[in-house]
Every structure is written in structure tokens, then in C-alpha cells.
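> Sequences and hints are given; from them, build the entire structure.
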Amino acid sequence: MELNREHFRALIFHNFRRGLSRQECFDELNSLYSDKAPSYSTVKNWYNEFNRGRCSIQDESRAGRPKSVVVPEKINAVRELIKQDRHVTYREIEASLDICMTSINKILHEHLSVKKICSRWIPHNLTNAQKKARVDWCKEMLEKYIQGTSKAVYNIYTGDESWIYAYEPETIQQATVWVFQDEAKPTKVVRGRSTSKQMIACFFGINGHVATVALEQRRTVNSEWYMTICLPEVIGEIRKKQKNRRIILHHDNASSHTSTQTKAFLTERKIELMAVDTAASSAAEEVLGRKSRLFVRDKQTGYKFLVDSGANVSIITVSKGECQVSEYKLYAANCSEIPTYGIKMLTLDLGLRRLFQWPFVMANVSKDLTKPNLTNRVIKHDRENQIETTGQPVSSRARQLAPDKLQRAKQDV
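Start counting the sequence shown at 1; every next residue gets the next number (my numbering).
Hints were generated in silico from the structure; no laboratory data involved. Glycine included, every Cβ here is placed at the ideal spot set by N, Cα and C. Please note: incorrect hints may appear among the correct ones.
To be verified - Pairwise CB distance ranges, derived in the manner of DEER restraints:
1) LYS44 - LYS116: 41 to 49 Å
2) LEU352 - ASN76: 56 to 64 Å
3) LEU142 - GLU92: 43 to 51 Å
4) GLN242 - HIS109: 54 to 62 Å
5) ASP136 - GLU92: 46 to 54 Å
6) GLN217 - SER113: 47 to 55 Å
7) GLU92 - GLN217: 36 to 44 Å
As the list claims (entries may be wrong) - Cut-off 16 Å, straight-line C-alpha distance, at most; resulting in silico cross-link-like pairs (EDC-like, lysine to aspartate or glutamate):
8) LYS116 - GLU92
9) LYS263 - GLU224
10) LYS74 - GLU92
11) LYS74 - GLU110
In C-alpha cells form, the structure reads like this:
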């Protein structure tokens with residue numbers, strides 16, 4: 001028989017009533033039960049309790065948390081808190097469920113197997129060909145500029161336009177979220193945006209920031225703004241330090257950067273352009289200009305439309321002078337704003353058995369394009385086909401029609 005705490009307390013009480021001292025009681029229990037016997041401090045404490053008149057050997061009820069709160073009810077409650085708010089903290093769980101930090105840690109890591117990690121920012125999704133093109137171009141630049149040790153790197157300046165949105169940034173601690181064992185790591189692709197925003201162009205060199213140019217309200221990024229406002233300010237900041245400094249400009253292939261006017265401006269100012277990613281550019285041109293791209297042609301007007309699977313609207317090209325700019329907002333994939341001039345309904349003859357009427361947004365773009373679901377809508381035809389049949393007449397069971405249907409049937413007869 002294995003004795004528990006209450007059994008030893010009963011033996012201590014028996015020795016107390018026998019008149020044994022604390023030491024004598026401890027020695028007797030130790031000689032009988034060796035290492036299973038209670039300690040001398042336990043014997044001493046219970047002698048003191050019995051001297052104060054206590055006769056019960058049961059634990060007295062007391063206020064406070066139970067010894068263990070790691071029970072299924074608490075585990076499920078913690079799981080629900082995490083599902084409701086992935087940013088919930090230890091203190092919030094403690095305040096909600098009245099659980100100590102140690103128990104919370106045990107529930108989270110031993111029973112729920114969750115861990116708190118920070119969301120990771122990722123770039124736009126790239127295909128394997130696009131990734132390879134970028135790697136090849138980077139290797140080419142490293143070789144050209146001798147792994148960055150060439151003095152020419154001090155003449156390279158790069159910049160681009162970007163929207164700056166008004167939003168409340170999160171700290172790293174605030175951005176961390178709880179993730180269960182079978183869930184993927186969280187990522188951030190799009191920021192939390194608001195209606196307040198500002199377009200800026202920011203330029204850097206090897207020594208740090210050079211200039212930031214803000215786009216005025218109600219203006220768009222085009223070659224006129226780029227070569228009359230943006231670039232002169234950037235070049236002026238560079239020339240302040242060294243008047244005759246060689247400038248090698250690196251920017252992307254946006255239309256405002258590659259227009260004829262912009263190239264002429266750079267040539268006039270004797271500004272060199274850094275070799276672009278030729279592999280990526282050729283791949284992009286192949287995608288945009290290859291014959292396997294799907295185009296549809298309107299037989300009535302001769303318009304040629306590119307079927308773009310990524311477009312949310314259908315667009316028709318309109319120059320700036322033809323119409324007045326509308327308030328309709330349209331943005332390209334690089335977040336640059338596209339001027340729009342209203343909506344126009346077109347009836348297209350695509351060589352099929354019917355015409356298609358579709359709304360097009362009039363915008364200043366290089367190609368007319370349409371959404372892929374142009375022909376999805378089913379339009380009721382105005383033609384009826386009657387098929388003459390032969391054979392025995394088919395009789396049907398007589399049935400009573402509703403009064404209105406009966407009246408219409410009599411009129412037809």
C-alpha cells in the first residue's frame with residue numbers, strides 16, 4: 001500500500017497525541033518509511049497546527065486560481081482568441097481568461113503548437129524567366145563595374161516614382177501574428193491605404209539621398225513633367241557638389257522615361273543612360289508584341305483590341321485634345337494614374353453570329369484593350385426557328401389552365 005499525504009498527516013497526529021516530540025516523530029517516520037517519509041519541516045508545521053487546535057488533516061479550501069488551468073476549456077478559449085485576433089498578446093489573454101503567464105505559455109506552445117512571427121514583405125510575383133533575366137543583368141553589371149570597386153559607380157544615380165500613402169505604420173512587434181503549425185507564414189504585399197496620398201520621385205546615389213520631387217496636385221507623370229520639373233531639379237542637386245560631374249542615370253522603362261522628348265533632353269544635357277536589363281526588356285517586348293497574343297478586330301471600324309486577362313475594364317485609346325478629362329480614376333499596374341475621358345458604348349462586329357455592345361473607358365493609353373469576358377453575356381436572339389415534325393400525333397392529358405392563361409390561349413386560337 002502506498003501512503004499519501006493524508007496518511008502521513010494521520011500518523012503525525014497519532015504521534016502528537018502520544019506525546020512524542022517533533023524530532024522523535026520525524027525519526028520514527030524516517031526509520032519506517034525512509035525517503036518516502038515527510039520532511040522535518042512538514043512534521044514541525046503540522047505539530048504547530050495541532051497545537052493551535054486543528055483536528056482535520058484535509059486541505060482547507062482557499063481562494064485563488066486552481067493549481068492547474070491547462071484544461072480543454074481553457075485551451076479552446078485561447079484558440080478562439082487567437083483566431084479572432086492574430087495579434088493578441090500574453091497580457092490580453094491573461095486579462096480575458098484569468099490565466100497566469102506560465103499556463104498561457106504552456107497552452108500556446110505545448111498544446112496549440114503556435115508561434116508568433118513577423119509578417120514578411122515580398123516583391124511582386126515574378127516568373128522564372130523574369131527572375132533569370134534580372135540575375136543575368138546583375139551579374140553583367142557586377143562584371144562591368146568590377147564588383148562595385150570601379151570609380152564609375154560614384155556617377156550612377158537611380159530613381160523612380162511611387163505613391164506615398166497616409167496610413168498608420170506598425171512596429172515590428174505590432175506586425176507579429178500567431179500562426180498555427182499547419183499554416184503558411186504570413187506575408188504583406190499591399191499596404192493599408194487611405195484616400196490621402198502623394199506621388200513623389202526619389203533619387204539616390206552611392207553616397208545616399210540626392211533629391212525628392214513631389215508631383216503637383218492634378219498632374220500626371222508624363223515626359224513633360226519628367227524633363228521640365230523632375231530631372232532639372234535632380235541634376236541641379238548633383239551639379240551643386242561638382243559642376244562637371246559625369247552622370248549615369250538608371251531608371252525603368254516607363255513611358256515618361258523612354259519617350260523621344262526625354263531621350264533628347266538627356267542627350268542635350270550629356271547625361272548617360274545606364275544599360276537597361278536587355279533580357280528583361282526583350283522578354284517584355286516578346287510578351288507584348290508576339291503574334292501569339294490574342295487580338296480581336298472590329299469589322300465595322302477596323303479597331304484592333306488586345307484581350308488582356310489582367311484588365312478590370314475595357315479601354316479605348318483617346319488623345320488628350322479630343323475630350324475633357326473626367327473624374328473617373330484608372331491606374332496602371334505600376335500604380336501610375338491614367339487620364340480618362342469618360343465612357344463610350346461601342347457595338348463590335350467580331351465576325352461572330354451576333355454583334356456585341358460593350359462599355360469602353362476612354363483613356364490615354366497606347367493600345368485598345370478589352371476584358372476577356374467580352375463574349376460571356378448571353379443575348380436573346382430575335383430569330384425563331386420552327387421545326388416541322390412527322391409521325392403520329394402525341395396526345396397529352398387534359399389539364400385545367402389558370403383563368404388568365406386560358407383567356408390568352410383562346411385568343412391565340
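> Return the numbers of the hints above that this structure violates; sort them in rising order.
none
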